[in-house]
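Quick note, the sequences are listed as chains F and R, same order.
To convert, take the position in the first sequence, counting from 1, and add 64; that gives my numbering.
To convert, take the position in the second sequence, counting from 1, and add 82; that gives my numbering.
Think of the hints as simulated: they come from the structure by calculation, not from any bench.
You may find that some hints are simply not true.
What the hints assert, rightly or not - Partial chain F-side listing against chain R, Cβ under 10 Å, derived:
1. Gly118
2. Tyr143
3. Gly144
4. Phe150
5. Asp153
6. Pro169
7. His172
8. Arg176
9. Arg196
10. Leu200
11. Asp234
12. Lys367
13. Gly424
Glycine included, each C-beta is placed from N, C-alpha and C at the ideal position.
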Amino acid sequence: MMIIEMYLGDLASCVADTMIGVLGLEDGTRVEGTGFGAPGVVSGELVFTTVMSGYEEALTDPSYHGQMLMFTYPLQGNYGISGEDFQSDRMWPRAMVSREYWDRPTHHRHARTLNQFLIDEGKPGLCNVDTRMLTLKVRELGVMRATLAIGERSDVQDLDVVAMARSGIDISAQDLLGDVTCKSPYHILGQGPRMTVLDLGIKRNILKSLSCRGFDITVLPAHADISLIEAARPQALFVSNGPGDPERAKEAISAVKHFAGQIPVFGICLGHQIISLALGAQTFKLKFGHHGGNQPVKDLEKKIVYITSQNHNFAVRPGSVEGTDLEITQLNANDGTVEGIKSDKLNVLAVQYHPEANPGPLCTEDPFFGSVLRIMNGLTGVAGRR
Amino acid sequence: MPKRNDIHKVLLIGSGPIQIGQAAEFDFSGSQACKSLREEGIEVVLVNSNPATIMTDPDTADKVYIEPLVPEIVAKIIEKERPDGIIAGIGGQTGLNITSELAEMGVLEKFNVEVLGTSVKSIREAEDRDLFKKAMQRVGEPVPKSKAVNTLEGALAVMEELGLPLVVRPAYTLGGSGGGIARTREELLSICELGLKRSRINQVLLEESLGGWIELEYEVMRDANNTCITICNMENMDPMGIHTGESIVVTPIQTLCDKEIQMLRSSAINIIRALGIEGGCNIQFAVKRGEYRVIEVNPRVSRSSALASKATGYPIARVTAKIAIGMTLDEIRNDVTKETPASFEPTVDYVVIKIPRWPFDKFVKANKTLTTAMKSTGEVMAIGRSYEEALMKAIRSLDIDKDLGYAGKYTVWTDGEIRSLLENPTDERLFAIYQALKRGMSSEEISKITGIEPYFLYRMENIIAVEEEIAAELDAQTLRKAKRTGFTDEQIAGIVGKSREEITDMRISLGIIPTYKMVDTCAAEFEAKTPYYYSTYDTQCELVPSDKKKVLILGSGPIRIGQGIEFDYCTVHAVMALREQGIEAHIVNNNPETVSTDYDTSDKLFFEPVTLEDVMNILEKEQHYGVLVQFGGQTAINLAIPLEKEIARRGLKTKILGTSPDSIDLAEDRERFNALMDQLNIPQPNAGISFSPAEAKAVAARIGYPVLVRPSYVLGGRAMEIVYDEAGLEVYMREAVRVSREHPVLIDDFLQNAVEIDVDAVCDGNDVLIGAIMEHIEEAGIHSGDSACMIPPQTLPGVVLEVVRDYVRKIALGLKVVGIVNLQMAYKDGIVYVLEANPRSSRTIPFVSKAVGLPLAKIAANVMIGKSLREQGNLLEPRTPYVSVKEVLLPFDKLPGADVLLGPEMRSTGEVMGIDYKLGLAFFKAELSADNPLPLEGMVFISVKDEDKAAVAVAAKKLHEAGLSIIATDSTAEYLRRSGLPVVKVNKIYNGSPNIMDYIKIGEVKLIINTPTTKESVKDGFQIRRSAVDYHIPYITTIQAAQAAADAILMAKKDQITIKALDEYHKEVYYN
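Next up, chain F with everything else stripped away, as it sits in the complex (with noise of 0.2 Å):
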């Protein structure tokens, strides 16, 4: 087992001086560093993000439902948070993990401070650890169960954080749909065509794209079945972002497989895996996946690079997708691996990226609900309002 040692109270900017925090991973590491926000032990897969702004808006996605967050650009909370530029109503990633944790922001639109916000999700902080060096652990080992304890030295310096870590339950073990999706189905009024989402997790700006180019969209939970969806008389599908393993989302793929064909089918990151995996192609869990604002995007048409927002640890198997009636769009400028699929006989497209951005980079806004809008124009002759 590797032990590290690590020191504590930092800057006088660290709010939390007297809380400390053990990080355990699935390797033996163990860290320690500073606590902030709420005292107590969490378990999840240890993630890192290279977003360098953009906190508010990760904290508060969905997608990152079961994981821990670790931000790699080092100081995060300077610009406090607003409540403006919330993905969701609450903090989703059972932690945040830092090098450096400011607690004076003096932005005009913050409402609190990042602490705080923990405080009141009562989701637990840490800080002052060697961030970088968790992220080549990471990036050499692949994503990783963890173990988060954060409080009082006496109360978490004995705790065992690696053997609880090694303990955890693998993320394609847990339902997380469940917790994310919405209770009960709402709708969102709009002049153009009808729109049904699947909400796996949906970020909210997704919902303001499609909003704002006149969808009248009602959002159904996770589970909703064939016949509920039907009753919505959806003239498109649209399947959200969310968390965790795609093959996991059973009811979302039989309804994609239901209306492919029917009527056009949309999605977006998890959605875009569902889509794929209804349509006979295959996904796989990437090493570390790719959480960050920077991701290279290659549309194969246009020729152009995207560069966008991403947060996924599973993919499209790019060779699976031959032989269905998909076809590759885009890819990733990195990797290779699949970043947009489409059919015109069937009238999908999706795209594994996040073309809402919040955080990141918004250069696929226009073009992706762009398309979807024109897709649906084509179809229904009934022009959409932006």
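Knowing the structure of chain F, use the given hints to seat chain R on it.
Showing chain R alone in chain F's frame:
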């Protein structure tokens, strides 16, 4: 789109001499572009007037022309070389301007040269204020709101619409005079009234004031496929109103949220697409509470893009060059990862801070206020894992006598002084803020006064809090915290009243040693192949020391007057030499503009401050075989003795390679050096040393006035002066002794009217290679760094040169030099005097190397690692049938208020070189390159002191012969008339109109020759010289330069200048 196959040969235009606002960054971008194009199989023709650049090395490009950067001459090179394309955006503003002019002249069309990358149209649209504004409005990007008015009523109407404050800019006045910021109705009326009067077209522009808005920058790239990426964003600590080049800059943005950051990113991409730029560009924004304005676009690589390249590891210039020849971002490989394409956006896991370096130590009289015009000469960059750490590292990289967190250092400032330093931004504001915080002023109040975001002030509060903790009790935890906050051992020692050594030992015994992390463009997401490191106090060290033989080379830090790009050139050459010998070459440096800090220049790059502690940490980690201190200017050489001591104290085996620290001391310690000269029987000017004002008076009296006085151990002649009498000496001693308390003052006989000689040589302990003997054009007494000089010497008799050679050999061997030595001598009345010996690379090494075709720095580096001159086959002094002239560029046009006279204090920021077969032509080219173009027709104004009248009459005759007309004041006019020259007499200024100023103002005067009468410039002379600068009229202030200029003008009228590549000249070098 793959590389175009119709482009085989490309012309690159360099940026010319280093000047304020245009420093080494264009050598970095130019060299990178050359490399980038050549690896695609493209032949590169390069033209630049600045010899002290890596880009003008024969190895960098296929053909190098060291010629004036004027369109007429570049046109001749195009005619000769027939390139297929030209890349405009690599050589800064100079490159853009020349490309535009060549296009306008029809040269590009005539010779079928395509502008590659960003087009001339795009350049114009980005640079022309009106076109730019229209382009921005077309794509919906907000620019500062403004309206032009011709009446006061109009101004009031605009006030109703835009509100106050308003910036008033009169149209068409020199340097924006008559403008200002109006905060009230009354102010608006009074400023507009004046502005309308001053404006040639009775018009003023009223613009909304963005004072206090946050200033931000984005570095963006675009390829022909319309793929756009942002390399990095930066936030200026100083608010709008201070040029970004003058601001402390942080990357990434610190105080904005993702929404705002993405809003600006989207805008930046919208703009680069609208302008159709292909390659890199820099976009500046102002932001306030979620609202933004586009301030300006630089459609080219810039100082900011150099900073962005170093801050992220993304090679902007390299990629820009490849885009120019048709490649797209996804086809270009990211050199750092070797796996991923260049079509991604770098992400960082650290904080980068840039601080400018200002020349105010050299220009005591210049106005130090930081404004929208640049005054700094260079900059430093530092990387840390916290803001505090990066800031502290940046400050110590500046190599100035100022620091944060050093107890008691600035207690001399009164509260009132601090307040005024806060209100009026200067180079000292950062230190004043720290002091204000220490005295209990709140961050909020300071923010109100300075406009700086409280965030940055809170960060400084943190540093103060740590300083207080250190002072309270220094235990292991506090020490660790102090190190993580960026404090040096020396600072901590100062706070607790212990020795630096005690703190270092305590720290090491507690295991608190720095870790080295990589700059990898991707925050560790991918494995990086480039060895680019910075230190931080963290857990994991990524640096894996190799077991090869390796040497650490100390860089020279920020560009400043007296320590310019020449030293970076030498550093890079040393690296090349070591690598050729199979030795691993490591660099430590902190200047983001340079080639030495390019990630693929060395085997390992440590982007670190060049201080004893930072260098020792690297040596301790890597256990180098040796360290080279000769190439990094005075910054590096000053570390020789401390390093030698500390290496011994810590029990390391690293050697100081080359000339021993003891020999360095022998050369720099006046008394020891004098003793050596006596022993070698080499004459020196009568001199003495003094430790007190009383001693100084006695010494000066013994030597006889005038005397040259200076403190020992100086850089670029700081505080050096010629003193004419005892009263002057008293004044000087009060100032100089305060400048440098530790070191005594040196007093030398001032050799009036002597010819100054400079020699660069390499010695291996047995043999001496003389690179070249340079004869100065200006007399001894003008700082050698400011003097024009020529190779070979033009007036010195052969016997004198033999004496010079003999002395060089004796001194080099006597000092036991192993490596480079630079000697300064003076010749007067049949005697050669030795003024000083510098056992390190000198400012002139690149000039000499380019003039005679010998890479002296490389040869010296080889000597230092044990390869003798004999082994290298370099023993004979090269001779040339052509003449090379070095001329300097003076920064007076950028520093309002400063007198333009030359003296023993160095003033120039950069240098140029002119080569031709006759001195006159070479001098003509050099002046043209130095932005001091000698006229071939028109009016010359002459006003000289009595001693110079005879000599100036000779020069005036030649000017007359060349067809120029002459005007002169009283006595000069009389004298010239008596010599039989037609002269128009004009009034001195105090005699009323029409006086010389009237002629200057209407633009009739094409050249001013004015030599000062005494040390203190007469008001008339000052005004004339100053207006020469302000009206951009070539001027000459020494009689020697006047003579050379007259020869040059006469010759340029008769003869054709030569256009020849450097390698062709070098084929004519001979030895005998």
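Okay, the hints, checked on the actual structure:
1. Interface restraint check: Gly118 of chain F against chain R, minimum CB-CB distance 3 Å, threshold 10 Å, status holds.
2. Residue-level restraint check for Tyr143 of chain F holds (minimum Cβ-Cβ distance to chain R is 4 Å; threshold 10 Å).
3. Checking Gly144 of chain F against chain R: minimum C-beta separation of about 8 Å stays under 10 Å; hint holds.
4. Among the interface hints, the one on Phe150 of chain F is violated; its C-beta lies about 12 Å from the nearest C-beta in chain R, farther than the 10 Å criterion.
5. Taking 10 Å as the C-beta contact cut-off toward chain R, the hint placing Asp153 of chain F at the interface is violated, the least distance being around 18 Å.
6. A cut of 10 Å between beta carbons decides the hint on Pro169 of chain F: the least distance to chain R is about 8 Å, and the hint holds.
7. Hint on His172 of chain F holds. Least Cβ distance to chain R is approximately 5 Å, under the 10 Å limit.
8. Given hint, Arg176 of chain F at the interface with chain R, is violated; its Cβ is 14 Å from that chain's nearest Cβ, farther than 10 Å.
9. Look at Arg196 of chain F: its Cβ gets to within about 6 Å of chain R, closer than 10 Å, so that hint holds up.
10. Of the supplied interface hints, the one on Leu200 of chain F holds, with its beta-carbon coming within about 5 Å of a beta-carbon of chain R, less than 10 Å.
11. The beta carbon of Asp234 of chain F comes no nearer than 23 Å to any beta carbon in chain R, farther than 10 Å, and the hint placing it at the interface is violated.
12. About 5 Å separates the beta-carbon of Lys367 of chain F from the nearest beta-carbon of chain R, less than 10 Å, and the hint is met.
13. A distance limit of 10 Å between C-beta atoms decides the matter here; for Gly424 of chain F the minimum to chain R is near 7 Å, and the interface restraint holds.
In this structure, the earlier hints numbered 4, 5, 8, 11 are contradicted, and the remaining ones agree with it.
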